[in-house]
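Chemist: Listed below are the residues making up each chain.
Number of protein chains: 2
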Amino acid sequence: MEEIQERLKKLRQAMHKAGVYAYYIPTADFHHSEYVNDYFKVREFFSGFTGSAGYLLVTEKEAFLWTDGRYFIQAEKELEGSGIRLCKMDTEGYDSIEDTLKKMPKDAVLGFDGRTVSASLAKSFKKALPSGKLKYKEDLTEKIFLRPKLPQSVIENLPEDIAGESAVDKIGRLREHLKENWADAIFISRLDDIAWLLNIRGRDIPCNPVVLAYLYVDMEKTWLFTGDGKTDIAYHGALVRPYQEALRFMKSSSVKGRVLLDPGSVSVIFEKAIKKHAKPVHGKNPTEAFKAVKNPVEIRHLTDIFLKDSLALTRFIRQLTTQDKSFTEMSAADALEAERKKIREYREPSFPAIAAYGPNGAIIHYEPSHEHETTVERKGLFMVDSGGQYLGGTTDVTRTIVMGELTPEEKQAFTDTALGMLDILNAVFLKGTSGMNLDFLARRRFWNKGMDYKHGTGHGVGYMLNVHEGPQAIRMRKAEEELKPGMLVSDEPGLYREGRFGVRTENILLVEEAQRTGDGVFYRFKNLTWVPIDHKGMDLEKMSREELAMYEAYQKETARHLRPHLSPEEFAWLQEYAGIAAGEGE
Amino acid sequence: MEEIQERLKKLRQAMHKAGVYAYYIPTADFHHSEYVNDYFKVREFFSGFTGSAGYLLVTEKEAFLWTDGRYFIQAEKELEGSGIRLCKMDTEGYDSIEDTLKKMPKDAVLGFDGRTVSASLAKSFKKALPSGKLKYKEDLTEKIFLRPKLPQSVIENLPEDIAGESAVDKIGRLREHLKENWADAIFISRLDDIAWLLNIRGRDIPCNPVVLAYLYVDMEKTWLFTGDGKTDIAYHGALVRPYQEALRFMKSSSVKGRVLLDPGSVSVIFEKAIKKHAKPVHGKNPTEAFKAVKNPVEIRHLTDIFLKDSLALTRFIRQLTTQDKSFTEMSAADALEAERKKIREYREPSFPAIAAYGPNGAIIHYEPSHEHETTVERKGLFMVDSGGQYLGGTTDVTRTIVMGELTPEEKQAFTDTALGMLDILNAVFLKGTSGMNLDFLARRRFWNKGMDYKHGTGHGVGYMLNVHEGPQAIRMRKAEEELKPGMLVSDEPGLYREGRFGVRTENILLVEEAQRTGDGVFYRFKNLTWVPIDHKGMDLEKMSREELAMYEAYQKETARHLRPHLSPEEFAWLQEYAGIAAGEGE
Numbered sequence: 001m002e003e004i005q006e007r008l009k010k011l012r013q014a015m016h017k018a019g020v021y022a023y024y025i026p027t028a029d030f031h032h033s034e035y036v037n038d039y040f041k042v043r044e045f046f047s048g049f050t051g052s053a054g055y056l057l058v059t060e061k062e063a064f065l066w067t068d069g070r071y072f073i074q075a076e077k078e079l080e081g082s083g084i085r086l087c088k089m090d091t092e093g094y095d096s097i098e099d100t101l102k103k104m105p106k107d108a109v110l111g112f113d114g115r116t117v118s119a120s121l122a123k124s125f126k127k128a129l130p131s132g133k134l135k136y137k138e139d140l141t142e143k144i145f146l147r148p149k150l151p152q153s154v155i156e157n158l159p160e161d162i163a164g165e166s167a168v169d170k171i172g173r174l175r176e177h178l179k180e181n182w183a184d185a186i187f188i189s190r191l192d193d194i195a196w197l198l199n200i201r202g203r204d205i206p207c208n209p210v211v212l213a214y215l216y217v218d219m220e221k222t223w224l225f226t227g228d229g230k231t232d233i234a235y236h237g238a239l240v241r242p243y244q245e246a247l248r249f250m251k252s253s254s255v256k257g258r259v260l261l262d263p264g265s266v267s268v269i270f271e272k273a274i275k276k277h278a279k280p281v282h283g284k285n286p287t288e289a290f291k292a293v294k295n296p297v298e299i300r301h302l303t304d305i306f307l308k309d310s311l312a313l314t315r316f317i318r319q320l321t322t323q324d325k326s327f328t329e330m331s332a333a334d335a336l337e338a339e340r341k342k343i344r345e346y347r348e349p350s351f352p353a354i355a356a357y358g359p360n361g362a363i364i365h366y367e368p369s370h371e372h373e374t375t376v377e378r379k380g381l382f383m384v385d386s387g388g389q390y391l392g393g394t395t396d397v398t399r400t401i402v403m404g405e406l407t408p409e410e411k412q413a414f415t416d417t418a419l420g421m422l423d424i425l426n427a428v429f430l431k432g433t434s435g436m437n438l439d440f441l442a443r444r445r446f447w448n449k450g451m452d453y454k455h456g457t458g459h460g461v462g463y464m465l466n467v468h469e470g471p472q473a474i475r476m477r478k479a480e481e482e483l484k485p486g487m488l489v490s491d492e493p494g495l496y497r498e499g500r501f502g503v504r505t506e507n508i509l510l511v512e513e514a515q516r517t518g519d520g521v522f523y524r525f526k527n528l529t530w531v532p533i534d535h536k537g538m539d540l541e542k543m544s545r546e547e548l549a550m551y552e553a554y555q556k557e558t559a560r561h562l563r564p565h566l567s568p569e570e571f572a573w574l575q576e577y578a579g580i581a582a583g584e585g586e
Numbered sequence: 001m002e003e004i005q006e007r008l009k010k011l012r013q014a015m016h017k018a019g020v021y022a023y024y025i026p027t028a029d030f031h032h033s034e035y036v037n038d039y040f041k042v043r044e045f046f047s048g049f050t051g052s053a054g055y056l057l058v059t060e061k062e063a064f065l066w067t068d069g070r071y072f073i074q075a076e077k078e079l080e081g082s083g084i085r086l087c088k089m090d091t092e093g094y095d096s097i098e099d100t101l102k103k104m105p106k107d108a109v110l111g112f113d114g115r116t117v118s119a120s121l122a123k124s125f126k127k128a129l130p131s132g133k134l135k136y137k138e139d140l141t142e143k144i145f146l147r148p149k150l151p152q153s154v155i156e157n158l159p160e161d162i163a164g165e166s167a168v169d170k171i172g173r174l175r176e177h178l179k180e181n182w183a184d185a186i187f188i189s190r191l192d193d194i195a196w197l198l199n200i201r202g203r204d205i206p207c208n209p210v211v212l213a214y215l216y217v218d219m220e221k222t223w224l225f226t227g228d229g230k231t232d233i234a235y236h237g238a239l240v241r242p243y244q245e246a247l248r249f250m251k252s253s254s255v256k257g258r259v260l261l262d263p264g265s266v267s268v269i270f271e272k273a274i275k276k277h278a279k280p281v282h283g284k285n286p287t288e289a290f291k292a293v294k295n296p297v298e299i300r301h302l303t304d305i306f307l308k309d310s311l312a313l314t315r316f317i318r319q320l321t322t323q324d325k326s327f328t329e330m331s332a333a334d335a336l337e338a339e340r341k342k343i344r345e346y347r348e349p350s351f352p353a354i355a356a357y358g359p360n361g362a363i364i365h366y367e368p369s370h371e372h373e374t375t376v377e378r379k380g381l382f383m384v385d386s387g388g389q390y391l392g393g394t395t396d397v398t399r400t401i402v403m404g405e406l407t408p409e410e411k412q413a414f415t416d417t418a419l420g421m422l423d424i425l426n427a428v429f430l431k432g433t434s435g436m437n438l439d440f441l442a443r444r445r446f447w448n449k450g451m452d453y454k455h456g457t458g459h460g461v462g463y464m465l466n467v468h469e470g471p472q473a474i475r476m477r478k479a480e481e482e483l484k485p486g487m488l489v490s491d492e493p494g495l496y497r498e499g500r501f502g503v504r505t506e507n508i509l510l511v512e513e514a515q516r517t518g519d520g521v522f523y524r525f526k527n528l529t530w531v532p533i534d535h536k537g538m539d540l541e542k543m544s545r546e547e548l549a550m551y552e553a554y555q556k557e558t559a560r561h562l563r564p565h566l567s568p569e570e571f572a573w574l575q576e577y578a579g580i581a582a583g584e585g586e
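Those protein sequences? They're chains A and B, same order as listed.
Reminder that position 334 of the first sequence reads as 334 in the working numbering, one-by-one numbering, no gaps.
Reminder that position 89 of the second sequence reads as 89 in the working numbering, one-by-one numbering, no gaps.
Mixed in with the good hints there might be a few duds.
The list treats identical chains as one, so a pair stands whether inside a single copy or across any two.
[As the list claims (entries may be wrong)] Below, simulated PhoX-like cross-link-like pairs (lysine-lysine); rule was C-alpha separation at most 25 Å, straight line:
no.	residue 1	residue 2
1	Lys484	Lys88
2	Lys411	Lys536
3	Lys275	Lys137
4	Lys478	Lys431
5	Lys102	Lys556
6	Lys478	Lys284
7	Lys275	Lys127
8	Lys179	Lys102
9	Lys449	Lys526
10	Lys279	Lys133
11	Lys284	Lys379
12	Lys102	Lys279
13	Lys127	Lys179
14	Lys454	Lys10
15	Lys431	Lys342
16	Lys276	Lys221
Since the hints were derived computationally from the structure, they do not count as laboratory data.
Modelling step: build the complete structure from the supplied sequences, incorporating the hints.
Modeler: Okay, structure coming up:
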């Protein structure tokens, strides 16, 4: 902890010199990615807090760290003795950062590294601050936090029989969109959008196969700023320049006219650069909506990869529930990873696996570790949320496995979770429906009992890209994006009872057309995840006839999908595990 | 139809003279009211279309009328031979007005009466139009459409035992809100907001007990612009000025500082006036959210009035289904009105009653007339959607009455409608839930069959005010407003089959708290409408056990509420009509 205090002291000296009263350090990289490379871990360096979300504010005398409910316990421990005050987000009795900025002295200047703060966040800081004064051209941490080398992975070019659409065609669509919106060019800093557009993949962020880069596209040319700019891989006509040159380029007279940029993902310093010779036009990256709709080639690969991934998880469940061997959370996660590794197309996890036994399941973003080994016992619930990056798709799946005797409370939660998931899976909905319209379906059984799960029901999923992507989502609020054929969405209700247990069941669904009638076009979900739901967890007696039919249909359909790939012994086990009578699901 | 063509010809001459390429005529009055006084019926005059929603765009050579799904059939008929093209809103194959404006010639100027177009709509027109040129200071229809006299009804002052909160307290709350939002004053043009704030009611719009007025409130004074400004009724300290002086006043130096205005309900010409000496600040009228939450006094009166209104409708249904006498749509509507008139607190209808027999029921906002009398026969469905303005509340209720034999299609639609309504009524939901989250519940039985109803599921309801009010609603889209205890919402799914039948069932619900748990605060609906659902319409055999229980519970609860006010003969009839076994619902 003395180390942290020493670092903060040096930072305060730099702040003093620069005439900065408060300094803001987010978790974000320069691209506002959800997961970041070590190169960007400045917030961790100055606070000691290792969580994946949170931001630090250092003033002359104080320091504050904001983080969300997932990390309250961890942050309290990690901040101990640092002198940094933990500010719990969305919790009564704690100020937000805007509230804190509002209370600053009249002439207080707020500093930050302009590469790490989006144009829209900078605007809201300016609005909150009494002085309205921001200083962000300089990185005051530069001489204190010695960054590791900037990552520069070998770039992979996706062939068209994997990508389904050439980069040239994608760029053509992008330019069409620019024209329709009276823009002359676009600046993109979101890494998954760049990877999708150019059909390239990299390894610059663990679990996220992206390339650290900026992209500028005008009506004639495409500039890709990445690595040292020397790579000679074919980029479909893109001019390759060094990563570090992006800012200078965006200030140059090559950038002109009306330049579209997403203020939520483009850093303020780039917006300022663009203003030098051009007019920034705010709007979403059209690439986000483009890449959300999977093309037929992607869908074909996804269908295949999800079945293989389902088989891996199903075989892991068999191991776990039938072998005499004792597992820990970690060894179980390893055993599942070993099953995935048997698949030719497998590359790496799509996010750090959550393997949470018993009360650990109640910690929503729990990560098992070797330091605190937990044995998976022969009772209660074991939740495993994991996924893989494959050539041909990104997977994400959660099953909660019944390890033995359950309490009535556990069984009820398990049943309501599974039925909520299946209700979404079986929904038929009119064109124009958004995830806000469907969310209630997954929650209503809990709400009727005064219970709720504190996370969204579903998120978009990338194709050989980030496991979380937009714009669609299934949530109570802020999910107005229409669900369109070709979109993927996760379907993952759950229930968490602190100190007792957690349960979550997650499938990935594909939106497809159901029918067209005089009343409109109707959509439904095509299921991609075929993993049985543990029969012993279902409270069959409390289910209605319709619920029972829905559950049994899913189990039988799952058996039918898996059977061609299972040995007779495996299938016999599956029938029992899934609660299917002999002769069914064949 | 020649009349319409003649009027359009004169308008085009005026347009030509004013250098206007296209002229826009909305349904709106100067206050963006849903229903308007005859003084404002310019769109109807120039198009012949009598529906309550829609807008006309006249260019040199063409004319377009946009309206929504409720009016497609009616508009087609009414526009026949006028040369005006019907543009179906939200329908594939039809351009929106913005699309149409985008395709206009490069220098085309759009004209309209600046009193009838809100600041935000004017902005979106400007954006869509290639030239960006608007001309709105002049009313080009002035010499063609000779307006009737501006209405000026006697103003009624609501006593506090009816209003539940004094105008002084309401204005105090409003000023509090202004302070919190750094505003110095507010300009309000919404008539129901003004009526609510000052606890005044009028008769300037049929069915909507409002006073034609503008309001300006700063930190010290309140100005009410209405009539000739000479009325001497007590306005809780408001200075009364003539209606016609509002625009001049808003341009004066009395209007200064930061002035809050709702760009969706304040006309562009007023925003411009305010800019003369003050800075307009855009935001919703806080009064909208204030008045949506009914206070305990209002709720007490509402509960009583809704029961009385339910009794009137129930008695009307008994007349209709048991008397030998033959009814027409009009005579039935009159008989219902006669039942309402027996209630001491009754004043006038809250909207023109929809009494639609057989295929007429498929016309969503059908209005019966003496010109086209339709006899209510002893078969099929008869839909009655009506409501009243009472001292103590505004009601709105729809029942579809089974007149005899039904087709299987009619019975299925009737059943799905009733169950959708009851599903919403029985929902339990977390604080933060919006109408977008609940809408699916009412539609899912239809969507599963490829069917849909082309209107929202629910709207807010005023208290002795407009039958439709915001901000809350139950809809697929654009209904993100949180449902809060004290809010009223209608619950009215339906199904409409052109040329065959229509069915709709509507109750009014009050949001109230259900329970508080560790997972949050949960709400539910308290039912206000106690009218039985025709038992003969329900397809009991196709209903699940849970659906059956839900339906029967509502019927019995209804009988229990009505019984103290019914004669033994009436109650015996009710039991049969509602399908309640003797001895139940007592």
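Chemist: Does each hint fit the structure? Answer for all of them.
Modeler: Cross-check of the supplied hints:
For the identical chains of this complex, lysine 484 and lysine 88 are inter-copy neighbours only, at 22 Å across copies versus 34 Å inside a copy, given an alpha-carbon limit of 25 Å. Taking CA atoms no more than 25 Å apart as the test, lysine 411 paired with lysine 536 passes inside one copy only; the shortest distance there is 9 Å, against 40 Å between copies. Proximity of lysine 275 and lysine 137 under a CA criterion of 25 Å is satisfied intra-copy only: 15 Å inside one chain copy versus 36 Å between copies. For a Cα distance limit of 25 Å, the shortest separation of lysine 478 from lysine 431 qualifies both inside one copy, at 18 Å, and across copies, at 15 Å.
For the homomeric pair lysine 102 and lysine 556, neither the shortest alpha-carbon distance inside one copy (57 Å) nor that between copies (53 Å) is at most 25 Å. In this assembly of identical chains, lysine 478 and lysine 284 lie within 25 Å of each other by CA distance both inside one copy and across copies; the values are 15 Å within and 19 Å between. In this assembly of identical chains, the alpha carbons of lysine 275 and lysine 127 lie at most 25 Å apart whether taken from the same copy (20 Å) or from different copies (22 Å). Proximity of lysine 179 to lysine 102 under the C-alpha cut-off of 25 Å is restricted to the inter-copy arrangement: shortest distance 13 Å between copies versus 41 Å within a copy.
For the homomeric pair lysine 449 and lysine 526, the shortest alpha-carbon distance between copies (18 Å) is at most 25 Å, but the shortest distance inside one copy (30 Å) is not. In the homo-oligomer, the alpha carbons of lysine 279 and lysine 133 lie at most 25 Å apart both inside one protomer (23 Å) and across protomers (22 Å), since each shortest distance falls under that limit. Taking identical chains as interchangeable, the C-alpha atoms of lysine 284 and lysine 379 are never at most 25 Å apart, the minima being 48 Å within one chain and 55 Å between chains. Taking the shortest Cα distances, lysine 102 and lysine 279 sit within 25 Å of each other only across copies (22 Å), while inside one copy they are farther apart (30 Å).
Within a single copy, lysine 127 and lysine 179 get their C-alpha atoms only as close as 33 Å, which misses the 25 Å cut-off; across copies the closest is 15 Å, which meets it. Taking the closest pair of Cα atoms, lysine 454 and lysine 10 never come within 25 Å of each other, the shortest separation being 36 Å inside a single copy and 62 Å across copies. For a Cα distance limit of 25 Å, the shortest separation of lysine 431 from lysine 342 qualifies neither inside one copy, at 40 Å, nor across copies, at 47 Å. For the identical chains of this complex, lysine 276 and lysine 221 are intra-copy neighbours only, at 20 Å inside a copy versus 47 Å across copies, given an alpha-carbon limit of 25 Å.
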